Amino acid sequence: MAISLLVADDSKLSRRSVIKSLPPEIEFDITEAANGKEAIAHIQDSRYQLLLLDLTMPEVDGVGVLEHLRNQGDGPDVVVISADFQPEKQRTVMALGAKKFLRKPLDSEELAMTLFELGYL
Amino acid sequence: MSSVIPLTEDQRDALQELLNISMGQAANSLAHLIETQIGISIPKIASVTPNELFGLIQQNDQAFYTRQSFLGDVHGEVMSVLSRKGLKEVAKLLEYEEPLSKEDVQETILELSNILAGACLAGLSEQLELNTNLNMPTLFAPHKATFSDLQWENSLVMEVQFDIEFSSFSMRVVFCLDHDSFNRLTQTLDELLG
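Protein chains in written order, with my numbering: chain A, 1 to 121; chain B, 1 to 194.
So that you can see chain A by itself, here it is in the shape it has in the complex (with noise of 0.2 Å):
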């Protein structure tokens, strides 16, 4: 059955990018989200498996999207990923929930790495 994903990033050419470093081997069910604020509104409507959610983003940021997860409760596995990748940050998110923080430009061989510790793959 295909994994229900949900792709946000405020960029086509980085969702794309990311589209394309999905696993060949996985089928994914996509939906793309261009800001944060339409991120929570898929997020409110459907339920997804698995959400790939950049930070810089307008409207709502990544960070606005995982508050709006943790106090929610019971949401998609959240893997960040993002070029703003100081220290600070990354304990930021990863306290929020998020299960992973990958660095862009993505690196599909991470991800694919990610997708199989998280029981993807």
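These are computed hints drawn from the structure, not numbers from a lab.
Only a predicted model underlies this, so the values are computations on that prediction, with no experimental measurement involved.
Yeah, the Cβ is synthetic: ideal placement off N, Cα and C, and Gly gets one too.
Fair warning: there could be bad hints in the mix.
What the hints assert, rightly or not - Sample of chain A residues lacking proximity to chain B, with all beta carbon distances greater than 10 Å (derived):
hint, residue
1, 49
2, 58
3, 60
4, 71
5, 73
6, 85
7, 88
8, 95
9, 101
10, 104
11, 105
12, 113
13, 119
To be verified - Below, in silico cross-link-like pairs of lysine-lysine (DSS-like), each with a Cα-Cα straight-line distance of 27 Å or less:
hint, chain 1, residue 1, chain 2, residue 2
14, A, 20, A, 99
15, A, 99, A, 12
16, A, 12, B, 44
17, A, 37, B, 44
18, B, 85, B, 102
19, A, 100, A, 20
Starting from the structure of chain A, add chain B where the hints point.
Showing chain B alone in chain A's frame:
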């Protein structure tokens, strides 16, 4: 900034994302050095005339200004606007001792320009596989400078902002490209977008 952006939506999106990645690398370099978190903005991209650029740069007298030219596959200028507010705190984080001399303040300004603007340009060039060489920054006063000598009808301006946590310091970095460099950049972006 002017609303006329001579880029397609895909080119603008790609450039913004590449700049975002470069800013992350730049912020991480400085954060590592001063052990403090740096806030980064969403990059702004626009096209401006030299006069509009003057207005964009010269916002108030509560700032220091540097400019540095770059040459290579693309060429242009990087201008940094550093707030006077909070600069002393940053100088202390860079391990300058109080009381700060005029030279200490100048060195701090030039060092910050070099680290943030330099890393941003290096990151962008690397991702686009373009060669660029950045010259050393120099301080300048916008009210005494003239941009009318810049032979640009329009220049592409990429603006990013860094904020240093626990201080009121902020810094804006504006990249300006001339027409030929702009064409080279769009060509490279199109190749990337495939």
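For each hint, the structure was consulted:
1. 49: About 26 Å separates residue 49(A) from the closest Cβ of chain B, which puts it past 10 Å; holds.
2. 58: violated, 6 Å
3. 60: holds, 13 Å
4. 71: holds, 23 Å
5. 73: holds, 28 Å
6. 85: Answer for residue 85(A): violated, closest chain B Cβ roughly 6 Å.
7. 88: violated, 4 Å
8. 95: holds, 14 Å
9. 101: Per Cβ check, residue 101(A) is outside 10 Å of chain B; nearest 12 Å; holds.
10. 104: violated, 5 Å
11. 105: violated, 6 Å
12. 113: holds, 21 Å
13. 119: Non-interface label on residue 119(A) holds, nearest chain B Cβ at 29 Å vs cutoff 10 Å.
14. 20(A) - 99(A): With a Cα-Cα distance of about 21 Å, the restraint between residue 20(A) and residue 99(A) holds, given a limit of 27 Å.
15. 99(A) - 12(A): holds, 24 Å
16. 12(A) - 44(B): holds, 16 Å
17. 37(A) - 44(B): Holds: residue 37(A) and residue 44(B) sit about 20 Å apart, inside 27 Å.
18. 85(B) - 102(B): holds, 15 Å
19. 100(A) - 20(A): The given pair, whose Cα atoms are some 19 Å apart, holds under the 27 Å limit.
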